[in-house]
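Please build the complex by placing chain B on the supplied structure of chain A, with the hints as guidance.
Heads up: the protein sequence lines correspond to chains A and B, in order. Counted the way the numbering used here counts, the first sequence spans residues 243 to 543. Counted the way the numbering used here counts, the second sequence spans residues 47 to 339.
Calculated directly from the structure, the hints in this document are not laboratory data. By construction, the Cβ of each residue, glycine as well, lies at the ideal position given by its N, Cα and C atoms.
Selected chain A positions facing chain B (Cβ under 7 Å, derived; list incomplete): (1) Lys-264; (2) Glu-294; (3) Cys-355; (4) Gly-396; (5) Ala-398; (6) Ser-400; (7) Thr-425; (8) Pro-447; (9) Asp-452; (10) Ala-459; (11) Ala-503.
Keeping only pairs whose Cα atoms sit at most 20 Å apart, straight-line, the calculated SDA-like set for lysine to any residue is: (12) B:Lys-306 - A:Leu-450; (13) A:Lys-331 - B:His-148; (14) A:Lys-302 - B:Met-240; (15) B:Lys-306 - A:Ser-478; (16) A:Lys-508 - B:Glu-272; (17) A:Lys-464 - B:Ile-182; (18) A:Lys-464 - B:Ile-138; (19) A:Lys-508 - B:Leu-269; (20) A:Lys-508 - B:His-244; (21) A:Lys-331 - B:Gly-104; (22) A:Lys-508 - B:Glu-247; (23) A:Lys-308 - B:His-244; (24) A:Lys-508 - B:Gln-271; (25) A:Lys-331 - B:Ser-156.
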Amino acid sequence: MLTTLLGTIKDTIMIITIASGKGGTGKTTITVNLAASAPAGEVEVFDCDVEEPNSHIFLKPGNLVKSPVSTMIPKVDMEKCTLCKECEKICQFSAITIIGKKVLTFPEMCHSCLGCEMVCPEGAITSSSRELGTLIQGTNPAGIALTWGELRVGEAMSPPLIEQVKKKINSHKTALVDAPPGTSCPAIAALRNSDFALLAAEPSPFGLNDLAITVEALRILKVPMGIVISRDDGESRIVDEYAARENIEILGRIPFTREAAAVCSKGLLLRDEIPEMKSLFAQLYSTVMEKAEKEKGEARK
Amino acid sequence: MKELTIISGKGGTGKTSVTASFATLAPNRVVVDADVDAANLYLTLAHKTIHSENFIGGSLAEIDPALCTQCGDCLERCQFGAISEDFVIDPIACEGCKVCVHFCPEDAISFERQVCGEKFLSETDNGPMVHARLGIAQENSGLLVSALRQQAREIAKKKGIPLIILDGPPGIGCPVIASITNSDALLIVTEPSMSGMHDMERVKSLADQMRVPTYLCINKSDLNQEKTDAMKAFALEHNIKFAGEIPFDREVTASMNANKSLVEFSQGPAAQAMKKVWQNVSKYVNETMDVLK
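Just chain B, with the same shape it has in the complex:
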């Protein structure tokens, strides 16, 4: 079983559009939406949800005003500015560290585990989709990503599915690290701009730190052909396998509006290019598999 993670560094470069098309083209796969605080894959892949359950994250502290003597111990100890002068804990600022709870001389602070979101298992044409919705302003997105990946692996193992495709979040922080850890390959989807280049370089250093082989796809490549060429050169120099480029095409947005993946919806130039990118990526992933054998 192989895990392919799709990331970008910069947001809005087309990760989810690429993932949705790959999920349509791969004959037998589990697909995971790991962009848990702005999950969009479910909007573009026809699915039927067959199971949902609460995601329980960390705990939060809450002061019982009936027991609190306003001694100020908690206020002094909290490193996160979460406790107000009138001894109310802001659930958004609370880090869940339990320090105030432990030291409160009156035992006036409770510490309950929180429902941080919801996990879903859905059926799609080419296999299961594992996705989630992180609660509004909730923490623990990295934990939720790890939980989704764990579930996807169990399903793949049980059903003998050879490939997991993961739609990752933007950035390089906690949920991205959780999406990349122990992945077999990364596909960076970028766009030809100075911002795209800057962000791709940072994502590539993260991939190197985590020793994951990396491929590159340049989306909207004709918006700045010069940058596209510079990115290809960067890939060549940095041991990134080039998977292809996709021209700007209004059909991409149109497919989104039709709630379909691009390759389902269109025969246009972007859809054709997307199919080539998938051919390359699936070939590279299989080669990685052979090397590991």
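Only chain A is shown next, with the shape it has when bound in the complex:
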């Protein structure tokens, strides 16, 4: 559903996802500072790191509207059930099983495929729901709208909540998407259907290792990309060398200083607190937008 929905509106909007592979490389810092550097009303932010969302700490949105997000799980009517086991047979996730004369469901294992409901010959299975988390929307004093998801603690599956956050991308504004770390389902859910990925890469062996995995994933997803070197100590060149080898453009560098780390730790924006950072992020914003527009233009051809 997400694919078709985004397919129809995809031409009119621009989705830029900030990703990294390794955690703590500055995805959120870059997302929120880019958003604050954009001309008023030009961007909206979508925090898809629903396990640990942090963008709101920096953007400080108000007038929050919260709505619960749930997913479907089976509910069995034992009056109708004949214990035929068709549901158990189709379920690939061990979420429904027959023991003796009882049907046991394990809601936390359910992937909401509705297979059991469709296969039941007696119509004994209907949909109930499991809470995934909360969808939150608000706008900050500077007028930046933020949408984020907050996964319920104890819930294992974040992709369906990430998709709900992304469904809110429907305006003519540029969407800046803050992706979760890693390269498996949650990161892929955030990156799918993006027009451009901005990779926050830390120039360390760990940073490089995880950057390379993310680049491979983006090539499979056919999402064009650029790199911003974050936490740049000015010494290591390993990301520069990798980017040159792989023919990926470096769109900017964010120097590491103790002062910058202290500003971020207080939940403040680098561009507001450090004069050089203001021009750095303004420049990065225009570089990234220009590159993303160019890539999108080429994709249309």
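Chain B in isolation, oriented as in the chain A frame:
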């Protein structure tokens, strides 16, 4: 045998650096890299891989165009938007639920189990290391974590190794839950920031739900001493044993660049602090053991 899991909530707080140092300081242990989609421990612990095998995860559906009559049944049933209008299944969107396969009137959809990654067993100075590489854009990271833990337990049991140290993934979702389930103790490695605090609180509620005793280590503690103090107070209020703080030190990155654990590489302030954290954690883990006896 005890299992200690190292997690953080927020990424990049230093879990792997702490794990690598613990793996160097613990005399006899199995170490597991459970951050399977961004595994880094192997980069910092000298090792020799002695065994590798494929990790077989779930199955994926694939339509045979020769048999497909484009009736549209699968398209209507798929809850994951994985089937295109021209009846090709996107392997990345496919959840592996088998619904399309089951209902296809032409039996045109195959359902094969997939190789989702590779598992490795390696030797290091102080004992075995169990690690893996999840395939690019593959699912089943939770399953892979459970498989690695199972393997680590078997090895520990067979060799009489008393401790398993697990380097966990960031976040609080599927692979984190798989890393914490039935663990004997959790060490949260965090950093003194508003984000670190927010994420630590969420990880702590997860640990409470799963009833695992929790310890806290604050990394890069001097970057915001005020936050470090607030975190210590939080630990005290929430029944978290404080294991210590590690100051910001460029030697940490330098040790990474040298492919060594911090305590192997450096005698600096972070390395000294790391040794104290390990002393505390090993003491706490042993106490947990005594309580359980």
